[in-house]
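K.L.:
The chain contents come next:
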Amino acid sequence: AQRVTQPEKLLSVFKGAPVELKCNYSYSGSPELFWYVQYSRQRLQLLLRHISRESIKGFTADLNKGETSFHLKKPFAQEEDSAMYYCALSGSGNTGKLIFGQGTTLQVKP
Amino acid sequence: GAVVSQHPSRVICKSGTSVKIECRSLDFQATTMFWYRQFPKKSLMLMATSNEGSKATYEQGVEKDKFLINHASLTLSTLTVTSAHPEDSSFYICSGREPPRDEQYFGPGTRLTVT
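Going down the list, the protein sequences come from chains P and W. If you count the first sequence from 1, position 37 lands on 78 in the working numbering, and the numbers rise without skipping. If you count the second sequence from 1, position 50 lands on 281 in the working numbering, and the numbers rise without skipping.
Careful, some of the hints might be misleading.
[Said to hold, decoys possible] Computed cross-link-like contacts, DSSO-like style, restricted to lysine-lysine with a CA-CA straight-line distance of at most 30 Å:
#, chain 1, residue 1, chain 2, residue 2
1, P, K150, P, K56
2, P, K138, W, K272
3, P, K138, W, K295
4, P, K150, W, K295
5, W, K273, P, K106
6, P, K114, P, K150
7, P, K150, W, K272
8, W, K245, P, K114
9, P, K114, P, K63
10, P, K63, W, K286
11, P, K50, W, K286
None of these hints come from the bench; they were simulated from the model.
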């Protein structure tokens, strides 16, 4: 079955600390993985996708097929990073359908 | 970036009535739109995929006769919740897929409350 798991509901760190938001997936083919972010009172927006291999707002994520993981990392958290983060998977076939994880709330304390 | 709007942002209706939610891509043509449902403090659950000019594809467990989807043009998809019940109360979010990167842009969501 296709599934995305984000084990942490809430991650609380201090400003300047490293951040790692965990994401594991289950998919039989070759998925495309995404991280979406939702800031307070704003709509969901794309943060990054694994095929782009880019760093956005200091965040990076590497697809590890062996561990079926796509963890989101940032070396030094900022207060403005506080938001809800969703890991999502899109399967093969170019349907565009997204399967979302449960989401992790990142709270960066001053 | 591309913008997707939803209307209304909030709606309250009585049990048994129907309510229509509109999803519009404002500055791009969305060949595909998606409808999601989000329960409080839960993830987004894909309800259906809407393709312009064809019937929507519903996910398993989603009643197509209850959640009517129409994708009349490349910039408009509508979700009609028919004979609404209190358990249909939820946050409904749409997204539009923009070629060629096929990136999805999300609407702000519609809060439906059925009394």
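K.L.:
Among the hints numbered above, which are violated by the structure, and what are their numbers in rising order?
P.N.:
Of the numbered hints, 4, 8, 10 and 11 do not hold.
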